[in-house]
Amino acid sequence: MLRCMLRLAEQRRQCSVRCMSSAARRRRAVRSAFQVLDQPLQPIHQHAYEANLQNSIACRNKYIELTEKVRKGGGENAIIRHTQRNRKLMVRDRLRLLLDDEDFLELSPFAGLGLPYGDIPSAGCLTGIGRINGLWCVFIANDATVKGGTAYPITVKKQLRAQEIAIQNRLPCVYLVDSGGAFLPLQSEIFPDKNQGGRTFYNEAIMSAMKIAQKPLTILKLSVVCGSCTAGGAYIPTMAEEAVMVHRIGTIFLGGPPLVKAATGEEVTAEDLGGARLHAEVSGCVDHFAWEEKEAYDYTRNIVSTLNFQLPEEEEERKMEAEEEPLYSSEELLGLAPKSHNYSLDVKMVIGRLTDGSRFQEFKALYGATLITGFAKIHGHLVGIVANDGELSYPAALKGSHFVQLCDQRDIPLLFLQNTAPTTALTLSTTQAEMNTNHLKAQGSMISAVACASVPKITVVIGGCHGADSFAMCGRAFDPNFLFLWPNARVSITAPGHAGSLLPPDSEHEEEKKTQEEDKVNSRLKEESSAFFSSGRLWDDGIILPQDTRKVLRDCLDIIKQQQYQMSTEKLQSPLLRI
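For the sequence shown, the positions run 1 to 579 when this note's numbering is used.
Hints should not be assumed to be uniformly reliable.
The list that follows gives simulated cross-link-like pairs (lysine to any residue, SDA-like), each with its CA atoms no further than 25 Å apart [stated by the list, open to error]:
no., residue 1, residue 2
1, Lys294, Asn438
2, Lys69, Ile79
3, Lys339, Arg85
4, Lys339, Lys526
5, Lys348, Ala468
6, Lys194, Arg248
7, Lys551, Ser330
8, Lys526, Thr67
9, Lys377, Lys551
10, Lys339, Arg81
11, Lys294, Gly284
12, Lys348, Leu538
13, Lys551, Pro312
14, Lys364, Lys294
15, Lys377, Glu106
16, Lys377, Leu66
17, Lys294, Arg476
Hints listed in this document are in silico derivations from the structure and should not be mistaken for laboratory results. Predicted model only: the values in this text are computed from it and were never measured.
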C-alpha cells in the first residue's frame with residue numbers, strides 16, 4: 001500500500017514538472033505600450049541629411065567594391081586550380097551544403113585587407129554564424145584559394161575571435177579545415193604568444209569542458225605549397241568531439257611525405273600516410289568516413305541534430321517575425337549616418353528606425369540629455385538602448401551608469417549606439433579643472449558598470465569611436481558579444497582634425513613647427529580611423545550597412561537567446577579525450 005502511494009506521488013510530481021515545463025514553453029512576455037518616437041525628417045535637417053547621404057553613398061560604393069574583391073578569394077587562377085585540378089568545392093559552396101540557407105551572419109569579411117604584409121582577402125578564412133537544422137552554429141572555414149590556404153597572423157586572430165564568440169554565446173562550433181599551415185616567414189607573429197596559434201587548441205579544450213559541441217569537418221588540402229594538415233594543424237580535428245574526413249581530399253599527419261623521405265628515404269603517398277581511410281580504420285583519429293564532400297556535410301548536419309537543444313515552436317518564431325516594423329524607412333538611416341560629429345542629427349531619429357513600431361520607453365529623459373537611455377523591442381526582443389547624443393557629460397555618465405546597472409539587474413541585453421565626441425574638453429581654468437575632475441569620476445563609474453554588467457552587450461558604432469568615451473560605450477576592449485561599424489564610422493584616439501588636443505602647447509616661435517606636426521598627425525588619423533582600416537585589422541566584427549542594422553541586430557539577439565534552449569545543465573567537466 002505504501003509503495004503504491006509513493007509511486008502515485010512520484011507520478012504526480014513528474015506530471016507537475018512536465019506541466020511546468022510546458023507552461024514555460026508557452027510563456028509570453030509582459031505587455032508593453034512604449035511611446036512612439038515621432039521623429040520624421042524636418043526641413044531644418046535637410047542640409048546635414050544631404051551631406052550625410054552623399055558620404056554614405058560613397059562609403060557604400062567602397063563597401064560593395066571590397067565585398068566583390070573578397071568574394072573572388074585568391075583570384076581566377078587559384079580558383080581554377082582549386083576546383084579543377086584539386087577537384088574541391090569553393091568555401092561558399094561548402095557552406096551552402098552545410099547550412100540551412102545562405103542567410104548567415106558573416107563576421108569580419110574585410111579582415112586582412114590593407115595590411116603591411118599585403119592583402120589577405122577575408123584573412124584566408126570565412127567565419128560566421130549560421131543555422132544547421134535550425135540551430136545557430138559558429139563556423140570557421142578555410143579558403144584554400146587565398147595564399148594556398150596558408151595561415152597568416154590575421155588568420156589566427158580571426159579564428160580566435162570566432163572561437164571567442166562561440167564561448168561567449170555558448171554556440172556549437174564547426175571547422176571546415178582546408179589549410180596549408182602557417183606562413184613561416186611570419187612565424188614569430190603566429191606561434192609563440194598567448195593569443196596566437198596555440199590558443200586555438202586551448203579554446204577547443206575549454207569549449208569541450210563547457211559542453212559546447214565542436215563538429216569539425218576535415219577537408220584538408222594536398223598542396224605543393226605547404227603540404228596538407230601537418231604539425232599543429234592536425235590537432236584541430238583530433239581535439240574535437242567528432243570528426244568527419246573526406247576520401248582522397250583530407251589528410252592528417254605531423255610530417256608529410258617529403259619529410260618522411262628526407263628523414264628515412266622511404267617514399268609514401270599522402271593517402272597511405274594520413275588519408276581518410278587510414279584514420280577511420282586504423283588510427284581512429286576521425287569518427288566518420290565520407291566518400292565525397294556532400295556526404296561529409298550530411299554527416300555533420302546529422303551530428304548537430306544530436307545536440308540536446310529544445311528550440312521554440314515554429315508558431316512562436318512566426319509570431320516574432322510578425323512584430324511591428326518601424327514607422328520610418330530604414331533607408332533613411334543613410335542620411336542619419338554622420339559624416340562627422342558636426343553633422344550628427346538627433347540619435348532618437350536613428351532609434352526610431354531600428355525599434356519595433358518606432359516605440360521607445362525613455363529613461364531619465366530630462367537628465368543628462370547628451371546620453372539617450374531607454375527600453376525598446378527589436379523583432380520582439382526587449383533591449384536596453386544606450387546612445388550618444390553629444391558629449392558624455394557628468395550627468396550623462398551618471399545616468400548611463402544607473403541605466404546599465406538597471407538592465408543588468410533585470411537581465412535585459414544592452415545595445416550601445418556609439419557616436420562619441422571627437423576629443424576631450426581642454427582644461428583652461430580652475431573651474432574647468434574641477435568640472436573635468438567630476439566628469440572623470442562619473443565616467444569611471446559608467447566604465448565600471450559596463451565592464452561588470454553580466455548581460456549580453458551589442459555595440460554598433462554609428463559615428464565616432466574616440467577616446468575614453470568609447471570605453472564607457474562598450475568599445476572593443478570591454479568584450480561586447482558583437483561589435484559592428486557603419487561604413488562612415490571613425491575609430492581613433494581622437495577624431496581627424498583634432499590632433500592639436502594631443503600635442504603639447506609650444507611657444508610662439510615654434511607655432512609653425514607645431515602646425516606642421518599637427519597636419520601630419522591629422523593626415524595619419526584620417527587614414528587610420530577609417531572603418532575599413534579598422535575592419536581590415538579585426539578591431540570589430542564587421543562593417544554593416546545602416547539599412548541592414550535592424551536585421552543584423554535581430555540575428556544577434558536570436559543567437560544570444562539560443563543558449564537558454566540547451567537542455568543539459570551547465571557544469572565544468574573534463575574534455576572528451578580520444579583513444
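Hint check:
Between Lys294 and Asn438, the direct Cα distance comes to roughly 62 Å. Violation of the 25 Å bound is thereby established for this hinted pair. Proposed proximity of Lys69 and Ile79 is supported: the alpha carbons are some 14 Å apart, at most 25 Å. Between Lys339 and Arg85, the direct Cα distance comes to roughly 48 Å. Violation of the 25 Å bound is thereby established for this hinted pair. Of the pairs offered as hints, the one joining Lys339 and Lys526 holds, with about 13 Å between alpha carbons and a cut-off of 25 Å not exceeded.
Proximity of Lys348 to Ala468 is assessed by CA-CA distance (about 23 Å); at most 25 Å being required, the pair is judged to hold. Between Lys194 and Arg248 the CA atoms are separated by roughly 35 Å; this puts the pair beyond 25 Å, and the hint is violated. A hinted pair counts as satisfied when its Cα atoms are at most 25 Å apart, and Lys551 with Ser330 qualifies at roughly 10 Å. Between Lys526 and Thr67 the alpha-carbon distance is near 22 Å, which keeps this suggested pair within the 25 Å criterion.
For the hint pairing Lys377 with Lys551, the CA-to-CA distance comes to about 13 Å; that is within 25 Å, so the pair holds. For the given pair, Lys339 sits about 43 Å from Arg81 by alpha-carbon distance, which is inconsistent with the 25 Å threshold. For the suggested pair Lys294 and Gly284, the alpha carbons sit about 22 Å apart, so the restraint of at most 25 Å is met. Proposed proximity of Lys348 and Leu538 is contradicted: the alpha carbons are some 29 Å apart, above 25 Å.
In summary, the hint linking Lys551 to Pro312 is supported, as the alpha carbons are separated by about 20 Å, within the 25 Å threshold. This hinted pair does not check out: Lys364 and Lys294 have alpha carbons roughly 56 Å apart, beyond 25 Å. At roughly 24 Å between alpha-carbon atoms, Lys377 and Glu106 fall within 25 Å of each other, so this suggested pair holds. Taking the CA atoms of Lys377 and Leu66, the gap is near 33 Å; set against the 25 Å cutoff, the hint is violated.
Proximity of Lys294 to Arg476 is assessed by CA-CA distance (about 38 Å); at most 25 Å being required, the pair is judged violated.
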